[in-house]
Amino acid sequence: MTPTQTSFPDAVSLARAVRAGDISAVEATAAALRKIDRHDGLLNCFTTVLRDSAMIQAADVDRRLAAGQDPGPLCGVPFAVKNLFDIAGVTTKAGSKIHAGYPPAVRDAAVVERFKGAGGIALGALNMDEYAYGFTTENSHYGPTRNPHDPERVAGGSSGGSAAAVAAGLVPLTMGSDTNGSIRVPAAFCGIFGLKPTYGRISRAGTFLFCESFDHVGPFARSVRDLALAFDVLHGPDPHDPVCSARPPEPVLPHLERGIDGLRIAVAGGYFARMGMPEAFAPVTAAARALGVTRTVDVPHADVARASAYVITACEGSRLHFNDLKTRPQDFDPVVVDRFLAGALLPAAWYQQAQRFRTVFRAKMRELFQGVDILLAPATPCPAIRIGQPTITLDGVELPSRPNVGIYTQPLSSVGLPIVVAPVFAPGSLPVGLQIVGAPYNESAVLRVAHHLEKLGIASAPLAKGYEEPA
Amino acid sequence: MINQPEAFATVAALHEEYEAALVSNDVAKLVSFFWDSEHALRFGVGESLYGAREIEEFRKNRPPIDLQRQVFNSKIVTFGEDTAISTIEFRRQVNGSPRHGRQTQVWRKFEAGWKIVSAHVSIVPVSYMDQASALVGMPIPAANREAVRVNLERVAAIVRPLLEFPIEESIESAPVFVP
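Protein chains in written order, with my numbering: chain A, 1 to 471; chain B, 472 to 650.
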């Protein structure tokens, strides 16, 4: 499989083409809408398509170009967002039936505003697990999002619509959120690139939260330079998000071609070398070989970190929905509600212990990153599971599938580390993902390593078979 | 003979009288229902009373609160003319929470008439799930009970290594978390 970047450009080259006048923003947007019409009936990525407003925005970009203005680095690039980001005039469902009855958002989420401000065209909102509490996007209200590489399989979740839309080339750039793996799992299952930045790096203002201690937002794309561009457009302080970092922006695009010289890279051992199916470790082995990595570093107490993330997620998520759980539990997604109901009953001492452990684990990880810059780890313990598959068998133990596809992602987000998932394809197989993990605020290093693997041909995000035809 | 009509009718009437005396906290009457013997026995929900004196003392000191109860599944079986067992289930409030209880009484006919010779009252234990959901005012729908119970056990299993992890007392959590 080879990437078909020529017929389906990434965001960077599409913006360049629009700027050069090779294609108008209106043509690019119309082409994306046609592709959505053709394929989304099957894939079920979109919950809202903003046909009219997208065409108006595109015409405006074309007008500004004609007037000699610079619409910005995403000039004419269509994008879409998980339906937990506010889009002015659209109801933010967060995958739920309950919130579908709420009034439309008054203003755009910070990320939508910044993408639009950079010349991007907002195409619509994307499917997700209800309230982001899942790793599969098997949403009982809006239907499952299907994996473009095998429609009988899940797209991953909770940002499944965001990943599948990019994998099928419906849109070059999408936004998702990641609390315990909700960007990284679907990126791996759908075979595309995803960036979960450092906690607090990209504003969550106007985003429907799930678990405030861990919620991150980040982009999906089919090239690393697109992730870098999106990150550069999006990150930086925002007084409207209480956890958004005050650190000044540090653009990564200028450093992307610097290669990996000077970066100390190691494979994550111990916890990250157990449980998974053999194919889950193939990307780690392939990347380590290509990068000449021989070192393995044990990540201490990753199992405890996962346990603490699990408890904090259950408590904070249930607290957020407590009133609805009390008054209308029957309106929740049946695959989600039991975990929320149980989460509302957990002892405070567990939550406190989990929060205190997070402080301990942060110290351990800071110490670990004194001696290494990058860790390589599997993204998921298996390739995409089948829709409706209730369990997965890991190390001979049958486990419920929905919480357990996140075993490798959950410990790392609990301390907010920046991570790129790079997709790796073996011939004739479903894609699997590699987590490229960095020290806090070192997005530059994780994106440089991802880009290097992309140039070596180890990581790539080809369009799924059957979706290559011109729009 | 099982459930000889006359014996059955007598015990059934006494059983109803006992229930009325209980909810009105008619202490003298309640005491008179029990066999006046050191061998009389009453296991209450929290008390083990041996002999008529202990039973009487308990009755006199019992605060007359939360005595109302709804009785259901009331059963009486008599054996011959002098022995009977009565059982009920009931619902009552305990400290504001609805509880489900059961009561068994063994009756024996003496010269002074039918008396309770042995009694046992218990409250069905409330699960953590039921107690916590009542405390926070979030009822668990019947259809979700088993799945929620399984979820709680699953979290308990997952959380075990965390609870066993030694953390120094000086470690605090970070309300605004800076990585």
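Don't take every hint at face value.
Computed beta-carbon distance windows for the label pairs [said to hold, decoys possible]:
#, chain 1, residue 1, chain 2, residue 2, range
1, B, 627, A, 261, 43 to 51 Å
2, A, 249, B, 567, 52 to 60 Å
3, B, 541, A, 150, 52 to 60 Å
4, A, 103, B, 541, 40 to 48 Å
Straight line, CA to CA, 20 Å or less: simulated EDC-like cross-link-like pairs of lysine to aspartate or glutamate [as the list claims (entries may be wrong)]:
#, chain 1, residue 1, chain 2, residue 2
5, A, 364, B, 639
6, A, 116, A, 60
7, A, 364, B, 643
Computed far set for chain B versus chain A, every beta-carbon distance over 10 Å [what the hints assert, rightly or not]:
#, residue
8, 473
9, 489
10, 520
11, 553
12, 604
13, 615
14, 630
15, 631
16, 634
17, 644
None of these hints come from the bench; they were simulated from the model.
All values reported here derive from a predicted model rather than from experimental measurement.
Glycine included, C-beta positions come from ideal geometry on N, C-alpha and C.
Each hint, compared with the structure:
no.	hint	in the structure
1	B:627 - A:261: 43 to 51 Å	48 Å, holds
2	A:249 - B:567: 52 to 60 Å	56 Å, holds
3	B:541 - A:150: 52 to 60 Å	58 Å, holds
4	A:103 - B:541: 40 to 48 Å	45 Å, holds
5	A:364 - B:639	14 Å, holds
6	A:116 - A:60	11 Å, holds
7	A:364 - B:643	15 Å, holds
8	473	47 Å, holds
9	489	39 Å, holds
10	520	36 Å, holds
11	553	51 Å, holds
12	604	6 Å, violated
13	615	6 Å, violated
14	630	5 Å, violated
15	631	8 Å, violated
16	634	6 Å, violated
17	644	3 Å, violated
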